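Visitor: The chain contents come next:
2 protein chains.
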Amino acid sequence: MQKKTVLVVHAHPEPTAFTRTLVDVSVQTLRGQGHTVLESDLYGMGWKAVFDERDFPARANPQRLSFIEESGHAYAGGTQTADVAAEQRKLLAADALILQFPLWWYGMPAIMKGWIDRVWAYGFAYGYKDAGNQYRYGDGIFKGKRAMLAVAVGGPARDYAPRGINGPLDQLLFPVTHGSLYFPGFDVLPTFATYGAVRLGAEDVARENAAWRARVEGLFEDVPIPFRAQNGGDYPDGHVLASHVAVGQTGLLAHIADSR
Amino acid sequence: MQKKTVLVVHAHPEPTAFTRTLVDVSVQTLRGQGHTVLESDLYGMGWKAVFDERDFPARANPQRLSFIEESGHAYAGGTQTADVAAEQRKLLAADALILQFPLWWYGMPAIMKGWIDRVWAYGFAYGYKDAGNQYRYGDGIFKGKRAMLAVAVGGPARDYAPRGINGPLDQLLFPVTHGSLYFPGFDVLPTFATYGAVRLGAEDVARENAAWRARVEGLFEDVPIPFRAQNGGDYPDGHVLASHVAVGQTGLLAHIADSR
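Chains as they are written, first to last, in the working numbering: chain U, 1 to 260; chain Y, 1001 to 1260.
Treat the hints loosely; a few may be bogus.
Footprint (simulated), chain U over chain Y, 3 or more residues, beta carbon under 8 Å [as the list claims (entries may be wrong)]:
#1 1014-1023
#2 1042-1055
#3 1195-1207
No wet-lab data here; the hints were simulated from the structure.
Given the structure is predicted, the values throughout are model-derived calculations rather than measurements.
For glycine and all other residues, C-beta sits at the position ideal for the given N, C-alpha and C.
Only chain U is shown next, with the shape it has when bound in the complex (with noise of 0.2 Å):
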């Protein structure tokens, strides 16, 4: 098997949590497979969560604060912060990205929400090359990458079960696996979720533990999501989709080949 690196990007700061179990998981499984594993620990990084015009030391206009035009500034004129350069420079090095958290009111902690927001800049993750959309779902910096979810979800799975009073989590977390990762090219496996993760007793916690093992050693072999690529011919103007493509359906599912 040709090794990889990974780089596992995680946001609980109790090392014991469910979270951090299932990322020694990640770690020891990678490395068992030989593969070179590159870590960001949110909360033990003091990782700043907000966007803000500390992140343009070198403003392209220090009167206004325009966070699209000086992310691009900075970015292309290599005047980011050092902590975002050195996460972008993990990307780049990566083969895939696994993000673990706690789904906290159906998101990302703010801390990896912020993660986003600073490491995903103009030039880098949008506005790549500087041809506006053209680079998104499917191309973009991150193509041929892969990208996975490991969420620990404190509810019952019935909650977000096809018509669960939560609604469905792989709808509730598109526009993180969709919006933030699919976006900027990275393909996206099936998110791995843990529910009524508060509670869990060892026979649980052994049971997922394997689960998630098993999704860890698939990260290379297992089918990624089938969104459909902007420029694959399901979006002529690259705004909506052709009238021959997913014929009656709105909405988020229309955007999955094979969601009927």
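Place chain Y on chain U using the hints.
Guide: Leaving out everything else, chain Y in the frame of chain U:
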């Protein structure tokens, strides 16, 4: 017209940004109606986005950090940090909540996600009355209050059309409107969105200001999104839709009463 109190929470550090222009419209419109406005300028306040051990100065368990346990302990015992307690007081004093933010990676900026993560305490926004999930989705501490989002979106409206490549905005924001606001009891109005917000001309701004003013004026009269109440009969077990409800539907929209 009865005088009310409205809390406006916003997240953009640039006073001349479009998000802030609409905040000014909110404040002026509400004050013009005689309402009292409370404001949380998250960037201006230097809001701490990251939910961590510093949120719990008097730990229930100093050995192991469980956010749910410590959140409940701090809320019940009055040992929350002053910033969190102040936001909760504003929320309790308010008849309505308006959240205004730029859409970053299809969600809230980290600083606002961190406002939710930290302020939505156990015993307050979830685990209300320490009764598990008994009070949620239509019941809860904010029952009788209203909430509304105003979102500045960089991309064009067609990308968010029913078959647009990003997915419909209302579905992308479902984790906020349904999962974070309706969950603890708010009646949530349809989201106000301004597309192409990075390139607005003076006429566009005037049009959007007027449209938003009309929405603010309708804050206490307009019809909320008809999310289905957990305790209204549609979820007999409190978890999954009854078979006779939203027949044949799955996914996020099944939880909105008129979504067919």
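Visitor: Indicate, hint by hint, whether the structure satisfies it.
Guide: Hint-by-hint comparison with the structure:
no.: 1; hint: 1014-1023; verdict: holds (count 3)
no.: 2; hint: 1042-1055; verdict: holds (count 7)
no.: 3; hint: 1195-1207; verdict: violated (count 1)
Consistency with the previously given hints fails for number 3 only.
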